[in-house]
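Engineer: For the protein sequence lines, the chains are A and B, in the order given. So the first sequence is numbered by my numbering: it starts at 129 and just counts up by one. So the second sequence is numbered by my numbering: it starts at 16 and just counts up by one.
Mixed in with the good hints there might be a few duds.
A few chain A positions that, by computed beta-carbon distances, are all more than 12 angstroms from chain B [to be verified]:
id, residue
1, L227
2, A349
3, R508
Straight-line C-alpha distance at most 20 angstroms; calculated SDA-like pairs for lysine to any residue [what the hints assert, rightly or not]:
id, chain 1, residue 1, chain 2, residue 2
4, A, K269, B, R64
5, A, K408, B, R64
6, A, K216, B, T65
Everything labelled a hint here was simulated from the structure, so no lab data went into it. A virtual CB, placed ideally from N, CA and C, is assigned to each residue, including glycine.
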Amino acid sequence: MDKILFFNQKESTIMHIDLNSCFATIEQQANPLLRGKPIAVAAYATDYGCIIAPSVEAKRLGVKVGMRVKDGKLVYPDLVILPPDPNKYRNIHLALRKLISQYSNNFEPKSIDEFVVNLEGYPAFAKGMHNVAAQIKKRIKSEIGEAITVSVGIGPNRFLAKLACGLHKPDGLDEINKDNFLRIYSRLKLTDLCGIKAKNSLRLNSMGIYSVLDFYNSPLAKLKAAFHSILGYYWFLRLRGWEIDDVVFARRSYGNSYAFPKPFKTPEEIAPILSKLVQKMGFRLRKAGYKASGVHLAISFRNGTFWHQAKTSKRPLYTSVEIYKDAFRLFVSCPYRKPVRDMSVSVFGLIKRDFSQLDLFEDVPKKEALAQSQDAINERWGSFVIAPARMLSSSEFVPDRIAFGGVKELEEFVNAV
Amino acid sequence: MIDRISAPVSVALLFDHSTRRVVPKWLIWEGRKYPIVKIGLHHTYRKGRTLYHVFSVTSENLFFRLVLDTDTLHWRLEEISDGEAN
């Protein structure tokens, strides 16, 4: 097999589009006075808030994603810090989605700021991939916002299109294909490949693979030995331009998480926040027409330790009250009472709510109808108009946010508009 | 300096049927009139079923975030900034 699998000879049909410094660029689009300035969007605008999106100008000065606001200000004291405005970003995402859908139906958002488009078999392909990419870039500027730039990568598979997209940022347009892949591989490090970070790099090093060219030239058996799994085979195909990443994973759970701004540790302080997380999650679960088989709770403490536990329920969970009861039981079973850094709660084992099992001791249809009525009222008048009393002290916590790589969350948003 | 506020504001909004564009032309805040020279972004969001239109605009040297409640057709000024750090 090693001898017969050459680099994929087909023409490039995949385009990877990445909105540069997404949140910061959109803020600069909205406020022209911020254009050309080092700015950053941070989870919280306070000193210890985490920077989630520095602008291109801020990146050039050394401000990085994940820095604390105070560290960003040490790098550049006049750094403008903005809190996230998810509605703004979702609107731009929808505008991009609409524009891209005019070229191909076969596209997929990978996150709020990344799209993969396959032009194979579509009329736009006849114009040439580079021409289409240039046209998309031009139309984004004229129809969505003149400050918004995207990098576009073109390749025979998704992996190489994404790799090409990262070659020149911002505003790049590159292709990796059968003619230039060796030249491009020769100037990349292993960790430049999406999916290869320190640990995988060490694995490859241990097999004598130190460069991307070594990686490409390695026989399949060597890669299988390096990864001890099917992953070796996947990398063997990816690097040769064959498609292996065209997979959409079905949703298997719903969850919400929250990074605590204060070092809460008592149940009295944490329960209202847990309740709010469950309310948000329960609403999403019911709206999608599911019940769940169990609850999972994970807590990261400020001292770096971690605790998590899952519980399968005897009956399917549907209302937020049921989910909260199980989540709270899990929470009180946690043996540690230490200051919490972040907490995530999720439900798993999704079951389509096609019918409900009746119960001798409980009016199940009535209970479910009540939950649906509460959801309808909250949808009409705004989130948390009807909410549990225990949530009362949580109004300043768990604001609207966009999940990293939150493709599933975006589906919910797109379906709602 | 970025100031987040929530103040009533007067806004003149023009709809041009030939271009099908809706453009805020000027606003009056605290007795002073600010002609709008640039629209950075127009986006919408819903709170419950109420639709809000947000216009991010600039006058000569100030940025304003103007929000129109489509239930009441009332405007609010939610943010004012000179584009400098706080």
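Engineer: Hints broken by the structure, by number, lowest first?
Structural biologist: Going through the list in order, the structure violates hints 3, 4 and respects the others.
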